[in-house]
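Q: Sequence positions in the sequence shown follow this note's numbering and run 1 to 91.
To be clear, the hints were calculated from the coordinates, so they are not data collected in a lab. The beta carbon of each residue, even a glycine, is placed where N, CA and C say it ideally should be. There could be a bad hint or two in this list.
[Stated by the list, open to error] Quick list of in silico lysine-lysine cross-link-like pairs, DSBU-like style, CA-CA up to 35 angstroms:
(1) K63 x K82
(2) K14 x K63
(3) K63 x K27
(4) K14 x K27
(5) K14 x K82
(6) K82 x K27
[Said to hold, decoys possible] Ranges of calculated distance between the beta carbons of each label pair, as one might list FRET restraints:
(7) A34 x P12: 31 to 41 angstroms
(8) K82 x V10: 14 to 24 angstroms
(9) R75 x P12: 26 to 36 angstroms
(10) M13 x Y88: 17 to 27 angstroms
(11) S71 x E25: 14 to 24 angstroms
(12) R64 x P24: 16 to 26 angstroms
(13) V39 x L60: 17 to 27 angstroms
(14) M13 x Y69: 16 to 26 angstroms
(15) V17 x R64: 12 to 22 angstroms
(16) D36 x P12: 26 to 36 angstroms
(17) E7 x E79: 12 to 22 angstroms
(18) E29 x V61: 13 to 23 angstroms
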Amino acid sequence: MSSISVERNVTPMKLDVMNVDCWPERKTEVSQQARDFDVTEQVYILAGELHVTPEGGETLVLKRGDLAYISAGTRCVWEVVKPLREHYLSQ
Numbered sequence: 001m002s003s004i005s006v007e008r009n010v011t012p013m014k015l016d017v018m019n020v021d022c023w024p025e026r027k028t029e030v031s032q033q034a035r036d037f038d039v040t041e042q043v044y045i046l047a048g049e050l051h052v053t054p055e056g057g058e059t060l061v062l063k064r065g066d067l068a069y070i071s072a073g074t075r076c077v078w079e080v081v082k083p084l085r086e087h088y089l090s091q
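When you get a sec, could you build the whole thing from the sequences and use the hints?
A: Structure representation (structure tokens):
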């Protein structure tokens with residue numbers, strides 16, 4: 001089963017405990033693409049805006065300070081509406 005969950009306004013303490021600053025950083029310009037996640041991925045938004053629409057689900061809007069958990073097996077449309085900067089961790 002696939003799923004996406006979002007945590008808003010993550011505290012600095014939680015980010016430190018998760019070691020988010022050490023995760024790789026990715027930058028993406030305004031674009032739209034279909035994405036299939038073979039592994040679980042965590043994404044922390046540093047800047048920009050991302051609309052994620054999981055297959056058969058409702059669109060989630062991710063902005064600065066949001067932490068998303070995307071489970072393996074998730075299929076979605078990934079639409080970057082404002083240039084995106086994010087930390088991510090694939091597991």
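Q: Which numbered hints turn out to be false for this structure?
A: none
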